[in-house]
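**Student:** Sequence:
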Amino acid sequence: MIKKYVFTALVILLTGATAAAQQTEAFTNDLAKYDKALTLYNSKQYLAAQTLFNEIKQETTDPTIEGDCAYYIANAAVRLNQSGADARMQKFVEEYPTSTKRNSAYKDVADYYFENGKYSAAKRWYEQVDISRLSWAEMEKYNFNMGYTHLKTRSPEEAKVYFSRVRNSEKYGAQAKYYEGFMAYENDDYEEASQLFEEVEAEEGTREDLSYFKADLNFKQGNFREAIRLAEEQLPTANRNEQSELNKIIGESYFNLGEFDKALPYLKEYKGKRGKWSNTDYYQLGYAYYKQGDFDNAISEFNKIIDGKNSVAQNAYYHLADAYLQTGKKQEALNAFRNAYQMDFEPKIKEDSGLNYAKLSYEIGNAYEPAPQAIGNYLEAYPNAPQRQQLENLLIDSYITSKNYKAAMDLLESNRNYQDQEAYQKVAFYRGIELYNDGDYQEAIANFEKSLKASASPEFTARALYWKAESEYTINRIDEALLTFKQFEQSSAARSLPEYGDLAYNLGYAYFKKKNYDQAASYFERYVKSGSNDNVRKADAYMRLGDSYFINSKYWPAMEAYNEAIAMPGVERDYATFQKAISYGFVDRNAQKIEALSNFANQFPQSSYRDDALYELGNTYVATGDNERGIQAYDRLVREIPKSKFAAKSQLKKALIYDNTGRSDEALRLFKSVAENYPGTPEGVQAVASAKLIYIDNGQVDAYGRWANSLDYISVEDSELDDAAFSSAEKQLVGSNNPQAIQNFEKYLREYPNGQRAMEAHFYLGQLYFGQNEYLKTIPHYKYVIEKERSEFTEQALARLGQVYLSERKYAEAVPVLQRLENESDIPQNTIFAQSNLMKSYYELKQYDNAVAYAEKVLANSKIDNNVKSDAQVIIARSAMQTGNERRAAEAYAEVSKIATGELGAEALYYDAYFKNQNGDYKGSNASVQKLAKDFSGYKEYGAKGLVLMAKNFYELKDAYQATYILDNVITNFTDYPEVVAEARQELARIKAAEAQTNSSLDGN
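Heads up, the sequence shown is in our numbering, so the first residue is 1 and it goes up one at a time.
Just to be clear, a hint being listed does not mean it is correct.
Think about it this way: if two alpha-carbon atoms lie no more than 20 Å apart in a straight line, the pair counts; the simulated SDA-like pairs of lysine to any residue are [said to hold, decoys possible]:
no., residue 1, residue 2
1, Lys36, Ser83
2, Lys359, Glu380
3, Lys359, Ala407
4, Lys958, Thr901
5, Lys869, Asn919
6, Lys271, Ala994
7, Lys271, Gln819
8, Lys931, Asn919
9, Lys934, Asn919
10, Lys645, Phe770
11, Lys692, Ile657
12, Lys348, Leu379
13, Lys846, Asp826
14, Lys923, Gln326
15, Lys141, Ser99
16, Lys486, Thr474
17, Lys783, Pro682
18, Lys692, Glu676
19, Lys645, Gln819
20, Lys940, Asn919
21, Lys645, Glu380
22, Lys91, Ser135
23, Lys934, Asn377
24, Lys350, Asn297
Here are the computed distance ranges between Cβ atoms for each label pair [stated by the list, open to error]:
no., residue 1, residue 2, range
25, Glu886, Ala860, 39 to 45 Å
26, Arg274, Leu845, 55 to 61 Å
27, Glu449, Gly328, 31 to 37 Å
28, Thr972, Ile899, 31 to 37 Å
29, Ser496, Asp626, 36 to 42 Å
Calculated directly from the structure, the hints in this document are not laboratory data.
Just so it is clear, CB atoms sit at the ideal spot from N, CA and C, and this is done for glycine as well.
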């Protein structure tokens, strides 16, 4: 109203001065219209005012009125929040530089933005105000507003400058001090804040909004009792958010006073900053519970502290570990102690955490690092630790329990501080067993000898003797093995050991190998009478007992032993039955022999000895003068088992019978058939020689020459040279001069590529190259042998060629060779070899159904050992996993775990944990992972996978700390396994994203 009055008076004055000459109705109307627009503007009808000012601006010829209209138009645009309002105001300033409203424009717009909380915009316009043209009152307001604007736009230093200018202002002083106090409070300058707040209260009286700050200031200045008093006074009247903060002040004050029982209820009432707690908040509540002995609740708070990397976190993890120990959660305690041990903020906590971590590593195993490493690292970091002797003992035991015997030996042999001979003897023994199982028998013997030298424990002395003898036997040092077995037998502790039960069996085999069959028989008989419950080994002992008697021509005792073997349940009785039948022949019981052999083919239709029985039956008939039945037996063998190694021999025998009984024409036809159908075999060569004699007897030498030259492996002219060349190479072979033998056989095949003994030359070359580990060179030679008609070399060539392909990972090439070996082998071990490697080859070729089919064949064979059984079950399990049949996989892995050792044992235990996790048995799954860490610490990949599984289990069990800590460590420590690390990263991101909803200490929050 004042402005309007002044303006009106001015108008009257002006119009009075010019009324006589210039007053017109139109000008009077313009002024009325302007006055109306100004009235609309002052009553905040900005849009209507803006429209009217626009009209006046267009109509007027007075530059002053035009400028004023432009000012109000732009000002209205600002207040209407119209697009381009700032630009309009800037345009006004530029177009009307002499306008009296220029400075008002800056200030009025700034004030408008300030009043509407748009502080960045206000700041921009305030900075353009010419303060020299402001009145004292306007200057005070300007300084206060600029101070507040800088405060809100996070420029506290600039804000302090402006507030300081109005600190003594009657109108703005108290407010300025309040905000200065607030900034000091935010900047942790509690003394300055406290002084300013006191000045505010002195000027304005008690202010409710200062009560919280005063309570918090006292808390932060360590005046906990005063902080409690002030906060409790305000608590009843505070709003919901203030109540949360006040509860925090009271609770934390009691916490700092050590009055944890009083702190608990207040700390529990705290709601966090914007609904989120920090790691420190969780620590305080957890520690309060811990001090009250409420370990379960302490754990539930401590384990929400994620990614803590300060002294508070170290302290929290240490007490969390102890809380876990108090509740029997040792795996969780190990993780928490390890975390605290890895931090350097509190040396005493670090040292004690490291000690507990080392001890728990020994006690329950450690998937992060082997227990010996954990203990050794601690001893290195704290060489004067009071517990050093105890830890040194644990270190040795930890090597044993973690089966890291090599490292244990290295430690014991390189460090004179370890003088425990019993520990040394034990470790050396177990290292020997490890090497024995790996097939390194020489090194195994060396370690058994080290164990024997220690001689601290009679038990381990005896056991070292036994396994040293086993190793010596395996590398064919039979005399030494016998001597060592005898030493074991005479040792004081031998009879109480499980190994003693197999001593007679092993001695029997040692004497059997030495061809001392009387001694062999006495030990095998001693074994079968020992009461052993191992029926497989007992049946084998009966058969070797029978063989010992048989070789010594004691046929009746041999038959009794074979009868015992035949009576054993679950034993493949065909060998013993065949041997018994043969024995009848040596005691002039040919009728019984013929009867037994005649029945054999029907009794054991799948036996690999079926062709042996038919061939021997034919021979027995012939020996007793019954050539016709002999021929019938030979014919049956050729007809029913045409691929038998005895097929050529049977036809040759039949031809010889014809030749010897005057049926030379029939004999000649058979000799020629054998020579043509079995080229290069010893039978083929003999058939040519026998045919030659018939041709000569018939005076048909020319016919023989023409026929013989038609055979690609016989040259009549060169036959003697051919034989001499082969004999020269064979002589080098017999003399073990292998390089010269190779050279001579290669020369023979160059000169006689289709020589009469080319098959044998190829076979021997294959064997010689195989012995030199030149596997690729063996392939053409073994292939030559197996592509010919079956001979005595075929089965071994098939086995060796299959072995070569497998060693070169040529599974597609190995499969047909192994299939032939399976179908044609006469030796049970070759059948097992073929079937077990067919299952592996099919698995590698991703033909999982075939892999499972062969695994089941292998498992059905009672003669396979535990290692092959483990392989078969693993193939079934892995194939089932690949085809999504987890139920079948679980069953197979359960079987594997019963017998597997080493890496397969680790794999089986990991999947035991995996399936328990899948079934929701998270605690059981963790127990399996813990066992995996303890018993199979050397298999790092399964250890890493087990840790990821453990992390998932812990998160399901509401323990986010354990989950995130484990995953962080997998990512850091297992970079050799990128797939496992990738899974850990994915799982960690998922958990952190979920936990960030309630934890303000996580990154990005």
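**Student:** Determine for every hint whether it applies to the structure shown.
**Tutor:** Hint-by-hint comparison with the structure:
1. Lys36 - Ser83: Measuring from Cα to Cα gives roughly 25 Å; hence the hint is violated.
2. Lys359 - Glu380: Distance of about 15 Å is within 20 Å: holds.
3. Lys359 - Ala407: holds (19 Å)
4. Lys958 - Thr901: Violated, because 34 Å separates the two Cα atoms, which is more than 20 Å.
5. Lys869 - Asn919: Violated, at roughly 27 Å.
6. Lys271 - Ala994: holds (18 Å)
7. Lys271 - Gln819: Violated - the C-alpha atoms of glutamine 819 and lysine 271 are around 73 Å apart, more than 20 Å.
8. Lys931 - Asn919: holds (19 Å)
9. Lys934 - Asn919: violated (23 Å)
10. Lys645 - Phe770: violated (23 Å)
11. Lys692 - Ile657: holds (16 Å)
12. Lys348 - Leu379: holds (15 Å)
13. Lys846 - Asp826: Answer violated: lysine 846 to aspartate 826 is near 30 Å, above 20 Å.
14. Lys923 - Gln326: Distance ~18 Å between lysine 923 and glutamine 326 Cα, so the pair holds.
15. Lys141 - Ser99: It is violated: about 23 Å lies between the C-alpha atoms, which goes past 20 Å.
16. Lys486 - Thr474: holds (17 Å)
17. Lys783 - Pro682: holds (18 Å)
18. Lys692 - Glu676: holds (14 Å)
19. Lys645 - Gln819: Holds - the C-alpha atoms of glutamine 819 and lysine 645 are around 17 Å apart, at most 20 Å.
20. Lys940 - Asn919: violated (25 Å)
21. Lys645 - Glu380: Given pair lysine 645, glutamate 380 is violated - Cα atoms ~68 Å apart, limit 20 Å.
22. Lys91 - Ser135: Since the Cα atoms of lysine 91 and serine 135 sit roughly 26 Å apart, the hinted pair is violated (cutoff 20 Å).
23. Lys934 - Asn377: holds (18 Å)
24. Lys350 - Asn297: Cα-Cα ~24 Å, so violated.
25. Glu886 - Ala860: 39 to 45 Å: Violated, at about 24 Å.
26. Arg274 - Leu845: 55 to 61 Å: Once the Cβ atoms are compared, 59 Å apart, the range 55 to 61 Å for leucine 845 and arginine 274 holds.
27. Glu449 - Gly328: 31 to 37 Å: Distance hint for glutamate 449, glycine 328 is violated at roughly 45 Å.
28. Thr972 - Ile899: 31 to 37 Å: Once the Cβ atoms are compared, 35 Å apart, the range 31 to 37 Å for isoleucine 899 and threonine 972 holds.
29. Ser496 - Asp626: 36 to 42 Å: violated (60 Å)
Comparing the model with each numbered hint stated earlier shows that hints 1, 4, 5, 7, 9, 10, 13, 15, 20, 21, 22, 24, 25, 27 and 29 do not hold.
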